[in-house]
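Visitor: Listed here are the chains, written in short residue letters.
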Amino acid sequence: MTDVACDLCPHRCVIPEGAAGDCRVRVNLGGRLRATTYGRPSAVHIDPMEKKPLYHFLPAASVFSIGTAGCNMHCRNCQNWQLSQRGAEEMESVHRAMPDEVVALARREGCAGIAYTYNDPVVYYEYVEDTATLARAAGLRNVLVTAAFINREPLRRLCRVTDAATVDVKAFDDHFYQEVCSTRLKPVLEALVTFREEKVWLEVSNLLIPSLNDDLPQIRQLARWVRDELGADTPFHFLGFRPMYRMRNLPPTSQDILERARREALDVGLHHVYIGNLQGHEGESTYCPRDGTRVVRRVGFRVVENLLTPAGECPACRKPIAGVWQ
Amino acid sequence: MTGPRRWHVRRRDAPFLALVALTLACIGGFLATGSDSPAGPGGGWRRIDRDALERRIEAGDLSGREALWYRAVEPARR
Ligand SMILES: [Zn+2]
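Protein chains in written order, with my numbering: chain A, 1 to 326; chain B, 327 to 404.
Heads up, a few of these hints could be off.
[To be verified] A short, non-exhaustive set of chain A residues, derived as facing chain B with CB atoms under 8 Å:
| # | residue |
| --- | --- |
| 1 | Cys13 |
| 2 | Gly31 |
| 3 | Ala88 |
| 4 | Glu126 |
Because the hints were derived from the structure by calculation, they are not lab data.
Since the structure is predicted, the reported quantities are computational estimates derived from the model, not experimental observations.
Glycine residues also receive a C-beta, built at the ideal position from the N, C-alpha and C atoms.
Construct all of the structure, not just a fragment, from the sequences and the given hints.
Guide: Following this line, the structure appears as C-alpha cells:
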C-alpha cells in the first residue's frame with residue numbers, strides 16, 4: 001500500500017490508501033492522488049463581480065461562478081459549510097461540467113469571466129487551471145475567491161492564468177487561524193505577496209467577528225501590513241459577520257464596529273476601504289484618494305453611477321484610480 | 327478498632343479494574359491511530375466512504391482524474 005504526500009497546500013497531508021486529505025476531496029486511490037471534483041461542481045451561479053467582492057475589477061460585470069465540495073479551511077463560521085465541509089461522495093447534487101463546457105456556458109450567458117469560489121478553489125486546483133486556461137483563450141477573465149492557504153509553487157503556476165483574486169484574510173492573528181479555521185496565518189500572508197509579485201489584481205477582505213477578531217489594534221496591524229507589503233492602493237473590504245454554522249452564539253457585527261474599522265484602515269493610509277453588506281452606506285462606494293470625488297457609487301452589489309473616464313481616471317483630477325476597469 | 331485502611335485489590339474488584347484498563351487502552355489506541363480530524367502538517371487525512379466514492383466515480387458522477395502536486399511516500403507506521 002502506498003501513501004501519498006500532497007504538496008498543494010501547507011497542510012501537506014500524508015494520505016494512506018483509500019483515504020482523503022484534510023480537504024476531503026483529494027483522495028488516494030491505489031497509490032495515486034485523485035481530484036474527485038474535477039469537472040463536477042456542486043454550485044453554479046451567475047453573480048455580479050461586486051459580490052465576490054471585487055470592486056476595482058470590471059465593475060458591474062457578470063461572472064460565471066462555480067464551486068465544488070471540500071475545503072482546506074474549516075472555519076467555524078463558514079457560510080457555505082454544506083458545500084465546503086463535505087466530501088464529494090457525500091454530495092447529493094453534483095453537476096457535470098467539464099472545463100470546455102464551463103467556458104461555453106459562461107460565454108453563452110454573456111459573462112465577462114469565471115469565478116472559482118464558494119468553497120476554496122485551492123482544493124479543485126486542476127479543474128481551475130484547465131478551465132482558466134481555456135477561458136483565457138476564449139477572452140474571458142479568471143477570478144479566484146480564496147483564503148489563499150496554498151503553497152508557493154502551485155500558486156505561482158495558477159497565477160499564470162489568473163486575472164484577479166480576492167483573498168479573505170480571516171484575522172491578523174495566528175491563534176485565530178488555528179482555533180477558528182484549523183490553519184495558519186503565515187502561509188496566507190506569503191500567498192498574498194505572491195499574488196502581488198505575479199501581478200494578479202488583488203483585493204483583500206476581512207470578516208469582523210465580535211470579540212474574536214474585531215479589536216482595533218489588530219485591525220490597524222492588518223491594515224499596516226497590507227499598506228506596506230501589498231500597497232496602499234489595494235482595495236480592502238470589511239465584512240459583517242452573521243451567526244451561522246458552528247458560531248451561532250455570537251451577535252452580528254455592529255455598524256459602529258464596521259465604521260470604526262474602516263476609519264482605522266483609512267487613517268493608516270489605505271486608499272480604498274469598503275464596508276460590505278451594509279446596503280446604502282457610503283463605505284460601499286469608491287472615492288478618489290486625492291480629492292475625494294466619488295467615482296463609483298454602489299448600492300449593495302449594484303453599480304448605480306460610474307464616473308471614471310474610459311482610461312479609469314478620476315474625472316476631477318484626471319489621475320488614475322487603481323484597478324482593472326475594462 | 328480496625329487498623330489504618332490499606333488500599334489493595336480485592337479479588338472481587340479485579341474484573342472491574344481489568345475492564346477499566348481495557349477501556350483506557352482502547353481510547354489510547356484510538357487516539358494513536360488517528361481520528362477523522364486532521365492531525366496537523368504532514369499527518370492530516372480523513373477516512374471517507376471509499377466504496378461510495380468508487381461507485382460514483384465508476385458511474386461518472388464523480389471524477390477519478392489524477393491530481394497534480396503529490397508524490398508517493400513510504401507508508402507511515404500506524
Ligand atoms: Zn481625483
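Visitor: Determine for every hint whether it applies to the structure shown.
Guide: Structure-based check of all given hints:
no.	hint	verdict
1	Cys13	4 Å, holds
2	Gly31	6 Å, holds
3	Ala88	5 Å, holds
4	Glu126	6 Å, holds
Checked against the numbered hints above, the structure breaks none of them.
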